[in-house]
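K.L.:
Below are the chains, spelled out letter by letter.
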Amino acid sequence: MAQSHLKAVGEILAKHGILVAFILFMIAFALLNPRFINSDNLLGVVRSSAILGVMAIGVTFVVVSGNLDLSVGSMMSFSTIVVLDLHDKLGPLLGIPAMFAMTMALGALIGFLVGYLKLNSLIVTLGMLSAIHGLTLTYSGGKNMDIADKDGTWFGFFGQGELLGVPVPILMFALLAAGLTLVLSKTPFGRKVYAVGGNGVAATFSGIPRARIVFYCYLISSFCVAMAGLIQASRSLGSQNTVGQGLELQVLAAVILGGASLLGGSGTIFKTVIGVLILGFIQNGLLLVGLEFYVQYIVTWVIIILAVWLDIAAKRGQLWSPIA
Amino acid sequence: MKNTNLAKRLQDSAIWIFIALELAFFGIAGEFLSLSDGNFLAPDNMLLLIKQTVPLGIIALGMTIIMINGNIDLSVGPIFALCAIVMLDSMTWPIFAGLGDGVIVIAWALAILVGVVLGAINGFIVWKTGVDAFIVTLGSMLGYRGLVFLYNGEQPTYHLNWTLVDIAESAPLGIPLPILIFAGCILFTWWLTKRTVHGRNAFAIGDNRTAAVNAGIRVGPHMVWNYVLIGLLVAISSATFYSASGSVNPNDGMLYELWIITAVVLGGTKLTGGRGSIIGTVGGVIAIQLMRKGLGHIGADTAMVNLVIGSILIVVLYLDRQLNRKGEEELNS
Numbered sequence: 556m557a558q559s560h561l562k563a564v565g566e567i568l569a570k571h572g573i574l575v576a577f578i579l580f581m582i583a584f585a586l587l588n589p590r591f592i593n594s595d596n597l598l599g600v601v602r603s604s605a606i607l608g609v610m611a612i613g614v615t616f617v618v619v620s621g622n623l624d625l626s627v628g629s630m631m632s633f634s635t636i637v638v639l640d641l642h643d644k645l646g647p648l649l650g651i652p653a654m655f656a657m658t659m660a661l662g663a664l665i666g667f668l669v670g671y672l673k674l675n676s677l678i679v680t681l682g683m684l685s686a687i688h689g690l691t692l693t694y695s696g697g698k699n700m701d702i703a704d705k706d707g708t709w710f711g712f713f714g715q716g717e718l719l720g721v722p723v724p725i726l727m728f729a730l731l732a733a734g735l736t737l738v739l740s741k742t743p744f745g746r747k748v749y750a751v752g753g754n755g756v757a758a759t760f761s762g763i764p765r766a767r768i769v770f771y772c773y774l775i776s777s778f779c780v781a782m783a784g785l786i787q788a789s790r791s792l793g794s795q796n797t798v799g800q801g802l803e804l805q806v807l808a809a810v811i812l813g814g815a816s817l818l819g820g821s822g823t824i825f826k827t828v829i830g831v832l833i834l835g836f837i838q839n840g841l842l843l844v845g846l847e848f849y850v851q852y853i854v855t856w857v858i859i860i861l862a863v864w865l866d867i868a869a870k871r872g873q874l875w876s877p878i879a
Numbered sequence: 642m643k644n645t646n647l648a649k650r651l652q653d654s655a656i657w658i659f660i661a662l663e664l665a666f667f668g669i670a671g672e673f674l675s676l677s678d679g680n681f682l683a684p685d686n687m688l689l690l691i692k693q694t695v696p697l698g699i700i701a702l703g704m705t706i707i708m709i710n711g712n713i714d715l716s717v718g719p720i721f722a723l724c725a726i727v728m729l730d731s732m733t734w735p736i737f738a739g740l741g742d743g744v745i746v747i748a749w750a751l752a753i754l755v756g757v758v759l760g761a762i763n764g765f766i767v768w769k770t771g772v773d774a775f776i777v778t779l780g781s782m783l784g785y786r787g788l789v790f791l792y793n794g795e796q797p798t799y800h801l802n803w804t805l806v807d808i809a810e811s812a813p814l815g816i817p818l819p820i821l822i823f824a825g826c827i828l829f830t831w832w833l834t835k836r837t838v839h840g841r842n843a844f845a846i847g848d849n850r851t852a853a854v855n856a857g858i859r860v861g862p863h864m865v866w867n868y869v870l871i872g873l874l875v876a877i878s879s880a881t882f883y884s885a886s887g888s889v890n891p892n893d894g895m896l897y898e899l900w901i902i903t904a905v906v907l908g909g910t911k912l913t914g915g916r917g918s919i920i921g922t923v924g925g926v927i928a929i930q931l932m933r934k935g936l937g938h939i940g941a942d943t944a945m946v947n948l949v950i951g952s953i954l955i956v957v958l959y960l961d962r963q964l965n966r967k968g969e970e971e972l973n974s
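So the sequences go chain by chain: A and B. Note that this note's numbering gives residue 734 to position 179 of the first sequence, counting from 1, and the numbers run on in steps of one. Note that this note's numbering gives residue 963 to position 322 of the second sequence, counting from 1, and the numbers run on in steps of one.
What the hints contain is simulated information worked out from the structure, not anything from laboratory work. Errors might be hidden in some of the hints.
[Said to hold, decoys possible] Result set (SDA-like, lysine to any residue): computed pairs, CA atoms no more than 25 angstroms apart in a straight line:
(1) A:673 - B:686
(2) B:692 - B:663
(3) B:769 - A:599
(4) A:698 - B:899
(5) B:769 - A:867
(6) A:698 - B:940
(7) B:769 - B:663
(8) A:673 - B:913
(9) A:644 - B:942
(10) B:769 - A:866
(11) A:747 - A:814
(12) A:870 - B:692
(13) B:769 - A:873
(14) B:911 - A:866
(15) B:835 - B:814
(16) A:673 - B:960
Predicted model, so just to flag it, every value in this text is computed and none were measured.
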């Protein structure tokens, strides 16, 4: 009896658990500190989550296809540095597309290695994390990159501007999320991504070009990284070489929190966005309550483990793992 | 049959061939390119180089067993920092004030306790919840880092005890103490993987978990013991390193997990479990350090190190795949 009851609760939590947790968090923080609900604050949190969010959307594609991407952090540093450098050399109108092309070339390389050569994605992207970091340092000569004329450029628009009263980073985040949600859930390509991630062998046998699908997933991921780099560069108009360091694991944490399985085949953009927002609001809420920034690490730890654990428990109908 | 044996032997010693090539290259190139007069291959330089691999090397030994078992541990960095913080800070605790230098032993014991407990927490979560080890340790990488900050905020923790520094800098028989400790850890983990039931079961579990369960191997406790072991080794590594330096920043140990996994994979351990060796890992760690120091020696930009190591990792992975084509792998991967 207790078991089936648990299962029923578990099923509800498994389906909407992440939303329930999100709402509970928001209510709790709002009760603890009224300033939390202030629209300026809410907007501010979404705005500062935009960079992480944009990257997480791209990584969702990779994770759904059954692979990992640990290189997004160092790739983001790369695109930030490159776009800042090209801004002064080519001007923003040419520099931005050039940066997108260079970043997506890296994505294509990873996609080739993982998709067509069928190498283990964890190690490939681990190697690329290191290699791209080296590339960035070589490119910049180890120096910080700054735009020479910070006042005379419209380049800050992507990170600091507002359109119709909405900050541009949020707008880009929302548009990207909406667009890629359509791609992932409404197109044949999206269905193939799920098929490849859910059961690669079955997908191959049903004639899905597995390698090409994986390749495109990494291409999308690198496109999102380029976008994140653009926002980052435009926000500060200058950057260190290591600006994206460590983001890869935060991005993964957000994707996992959104309920995507690392084994592939499950996860949605919407849930990933919720995962990103949860991370952002926890950070903000804990700060507003007066706790130090590092408390969020511990809270995030507990939440990630609980979220994944309850998800698994609901699927197997048993709280504890049956492993002897 | 003989051919496959030869191929296998070549593969097992690939990392050592690579190290030999590195030595030859940097030895010769260094003669022409180096700005310093020192010979790269001088015994002093080599000894220093090995000494510098010790902190990462000791942890990599534990990571090897974890990966042979089919798991992974991303949380070694914060454990490394937390062990050091507890070790250094405990020497200032009033309750140990009357012990004189005896406090050093207690500090070491406390550091090891921290490592073992944090490792055991990881292990039990992996075992009892059934959540993938990658996710569990990704979470605790964040959580443990939080604990590190919780201890002393953003302030560095430092305590200088000259007896401790003397011990850490001592060199019995002319060999620096850290290298001796490293050697001890290598022997211990080698024995563990090659000569014990636990080691054999770790291979079995990593190779085919279902088969291992069916054969009556208790998978859970083995996983927990492996995480305890890596916690212990991280603590030893941390104690070795920070006994000499006496100061730890709350951000210390970041990205260690990535370097260590790179070294272990270079050493021939399979990420999916079931294959790997301690000796190979030692080779992997030394190869990376040689590359770092060697490129610096011939005056290459240090940025090149990352580029080169990353590329080598991918090339190794590709060669490994080409050499070990199996029908089933082809289909599944």
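K.L.:
Run every hint past the structure and note whether it holds.
P.N.:
Do the hints match the structure? See the list:
1. A:673 - B:686: violated (40 angstroms)
2. B:692 - B:663: With Cα atoms ~18 angstroms apart, residue 692 (chain B) and residue 663 (chain B) stay inside 25 angstroms; holds.
3. B:769 - A:599: Status violated; Cα separation ~39 angstroms.
4. A:698 - B:899: holds (24 angstroms)
5. B:769 - A:867: holds (12 angstroms)
6. A:698 - B:940: holds (18 angstroms)
7. B:769 - B:663: Roughly 45 angstroms separates the two Cα atoms, so the pair is violated.
8. A:673 - B:913: holds (14 angstroms)
9. A:644 - B:942: holds (24 angstroms)
10. B:769 - A:866: holds (14 angstroms)
11. A:747 - A:814: holds (19 angstroms)
12. A:870 - B:692: violated (49 angstroms)
13. B:769 - A:873: With a Cα-Cα distance of about 11 angstroms, the restraint between residue 769 (chain B) and residue 873 (chain A) holds, given a limit of 25 angstroms.
14. B:911 - A:866: Violated: residue 911 (chain B) and residue 866 (chain A) sit about 29 angstroms apart, past 25 angstroms.
15. B:835 - B:814: Since the Cα atoms of residue 835 (chain B) and residue 814 (chain B) sit roughly 28 angstroms apart, the hinted pair is violated (cutoff 25 angstroms).
16. A:673 - B:960: This hinted pair holds, its Cα atoms lying about 12 angstroms apart.
Checked against the numbered hints listed earlier, the structure breaks hints 1, 3, 7, 12, 14, 15; every other hint is satisfied.
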